[in-house]
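Same order as they appear, the protein sequences are chains A and B. Start counting at 1 in the first sequence, then tack on 1350, and there's your number in the numbering used here. At position 94 of the second sequence (counting the first as 1) the number is 86 in the numbering used here, and the numbers step up by one without a gap.
Source of the hints: derived by calculation from the structure; they are not laboratory data. Think of the CB as a built atom: it goes at the ideal place given N, C-alpha and C, for glycine as much as any other residue. Please note that a few of the clues may not be correct.
As the list claims (entries may be wrong) - Covered stretches of chain B (chain A as the covering partner; in silico rule of three or more C-beta atoms under 8 Å from a C-beta of chain A):
#1 1 to 11
#2 173 to 179
#3 380 to 388
#4 432 to 443
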Amino acid sequence: MKSLYTIVKRELRSYFASPLAYIILVVFQVISARFFFLYLQGFLQFQFDPSYQLQTGDLNLNNLVVLPYFGTISIVLLLIVPLITMRLIADEKKNYTAELLFTSPLNIRTIVFGKFAASLILLIIMLLLSSINIFVLMVHGNPDFGAVISGYVGLLLLGASFLSVGIFASSLTENQLIAAVISFGVLLVLWLVGALSDAESSVLGYISVINHYEDFSKGLIELKDVVYYLSLIFLGLFLTYTSLDSERWR
Amino acid sequence: MKRRRLIYGTNALISVLSVCGILIILNYIVFRSDIRIDMTEGKLFTVSDHTVGVIGNIDGNVEMLAFFKDVGMDRSEFQDLIKEYTRRSGKIKVRFINPDKEPGIAKKYDIKEYGTIVLIDGEQTIKLRLADHISGGILKNAEEEITNALFKLNRVVHKTVYFLTGHGERDINDELEPEGLGVLKAALRDEGYDVEEFLLLRGDPLPGKDSVLIVSAPKQALSLKEITDIKTYLDKGGKAVFLIEPRSGSELVSILKSYGLVIADDIIIDPSSKLEGGGDIAPIVAEYAHHDITEGFRFATIFPYSRSVGVVEQDGIDSAVIANTGEYSWSESNFELFDQGVAQQEEGDKKGPLGVAAVIENGDKSRIAVFGSVDFVSNIFIDFSGNRDLFLNTVNWVAGDENLISIRPRAAKEGKLTITKKQTNIIFFFTVVLIPALIFFSGIGIWWKRRRL
Chain A
1351 MKSLYTIVKR ELRSYFASPL AYIILVVFQV ISARFFFLYL QGFLQFQFDP SYQLQTGDLN
1411 LNNLVVLPYF GTISIVLLLI VPLITMRLIA DEKKNYTAEL LFTSPLNIRT IVFGKFAASL
1471 ILLIIMLLLS SINIFVLMVH GNPDFGAVIS GYVGLLLLGA SFLSVGIFAS SLTENQLIAA
1531 VISFGVLLVL WLVGALSDAE SSVLGYISVI NHYEDFSKGL IELKDVVYYL SLIFLGLFLT
1591 YTSLDSERWR
Chain B
-7 MKRRRLIYGT NALISVLSVC GILIILNYIV FRSDIRIDMT EGKLFTVSDH TVGVIGNIDG
53 NVEMLAFFKD VGMDRSEFQD LIKEYTRRSG KIKVRFINPD KEPGIAKKYD IKEYGTIVLI
113 DGEQTIKLRL ADHISGGILK NAEEEITNAL FKLNRVVHKT VYFLTGHGER DINDELEPEG
173 LGVLKAALRD EGYDVEEFLL LRGDPLPGKD SVLIVSAPKQ ALSLKEITDI KTYLDKGGKA
233 VFLIEPRSGS ELVSILKSYG LVIADDIIID PSSKLEGGGD IAPIVAEYAH HDITEGFRFA
293 TIFPYSRSVG VVEQDGIDSA VIANTGEYSW SESNFELFDQ GVAQQEEGDK KGPLGVAAVI
353 ENGDKSRIAV FGSVDFVSNI FIDFSGNRDL FLNTVNWVAG DENLISIRPR AAKEGKLTIT
413 KKQTNIIFFF TVVLIPALIF FSGIGIWWKR RRL
């Protein structure tokens, strides 16, 4: 446990010692908050436009602001997560610290999990930042809080699976850029594969990483979606472990 | 060395494959289990206890054909809703059909619009139109519609709607001519009723239980015997709907009067409906009295060639006019002028709003509905706006099937945002400018400090 804590601390320190974490946080906050305002302004316009209300009947904060906002965050995560994970292992390999680390008394499992946990903490900080906007909505309006919570659970699971895929990509190479490109490519395929097929019913639809997120954003937590994300996270971490373990005998 | 690598490599491959296998099996099991938590405040994705009860009592297998486009809000909303049904009962099977890709099956069930579903249980079918053209999704009360349809499919006794014949009534088998009632017959079938013709002249008594009698504009007068039979039927608790055009059915008018239903000898003229696309004698109805039949009803209806109907209070009888014309309409009783096409609103003419539909409930016994028009459900007008629904609601109410199960519509709560322009600007500055700037400069600060170390 103590060694896990040490790894997490070490990784977090290296995140926040370099400008990378700050740039990621700034970019994330500016993009997501800007889009949030677009949706908010849209809602305000609809609110004062009787013809809109006649056409659709519903004026719903969750459908018009929260849902598209979460949609934007999920896309931003797709773009940013590869940048968070790219250096996690590739950098160690490049600097020859990997050998030191992996021959140390620390268990490989602990190392992989520690690195994952550190990146997860950065993700949580991002999501907390994004919740400031939701807080504004809570103060001035009446969004469905239950749906907001489930949306965040979904974003956390989605982001965590992205991280896990990213860490695996980072373990395959010593070049950070290649690691980022690999993880972005894999995530994009996992994202788009749903478009090829009807959701749910088919294998491709099930594999799609974004199909499972839809229910969360609507306010519905389904066991199958949770299990899917946990499986993806576990698989990514397991493959990372296997990939690192293989270096001992390769 | 090589051998060692091969062993380790094989081991790694096996362990990766087995982990994948386990995850696939786990996901497959969970995919079928369908356990979920509805986090929304309004429980938007949870069906009511009534629905759960009805689903639990389904005897046979119900096949549900859902005619939707491949993508669309109506389809996804329906999927969300129907998932709740299928996961609670293995007896409901849903099959999505794109009517454009499978026109054969769409034609078989006479599907005319997307968002229609057909419930099939053996021989019986019920067709529901769930598309909500205003929102682009499905109707807010879709759950009520589906559950009631399942309930109707499942009940042992099927109700029959009898159309009186033998006096030149509108033909219920005619689907082509404008004045036929063939489309109405199909609509009643879709609603789960058996539809038959009934010749009272033959002397058979009207079947009292589980039936509704519809008298649709007889051209010739009914015989005294028939009048007596109908009266006996109603007195015994019979259920009936009368569609009586202007200048006809005086013998029926007098029976109905004894129940408190007053049918004036006039014709409603409504110049304002000309603006809406109807003629002078096709009043448009947009106002409905508060009644089980009209609850939540928000469509306009058109009543071509209609006379006015009203009610008089009687002890033990609940009566109500449920649909009224607009204020610019008037009741024209001078048919001579009308025939010459020069009818004008005069001093003595009764002004709108005028009733075009009235209902009575005689204690726990009979239920009677009267419409002053028959054209509004004829082939040419039945699909106008809410005509079909108003009539079917009425038949359901008369048959005692109204609110078989009444379910609160699932609606997300109305959103509101009380925020001024100034507040918006402050928040924008705070979240888009200030917070990112703070992060940025603290980052630079830390990085700078560490660089100098």
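Could you tell me which of the hints above the structure violates, numbers in ascending order?
2 and 3
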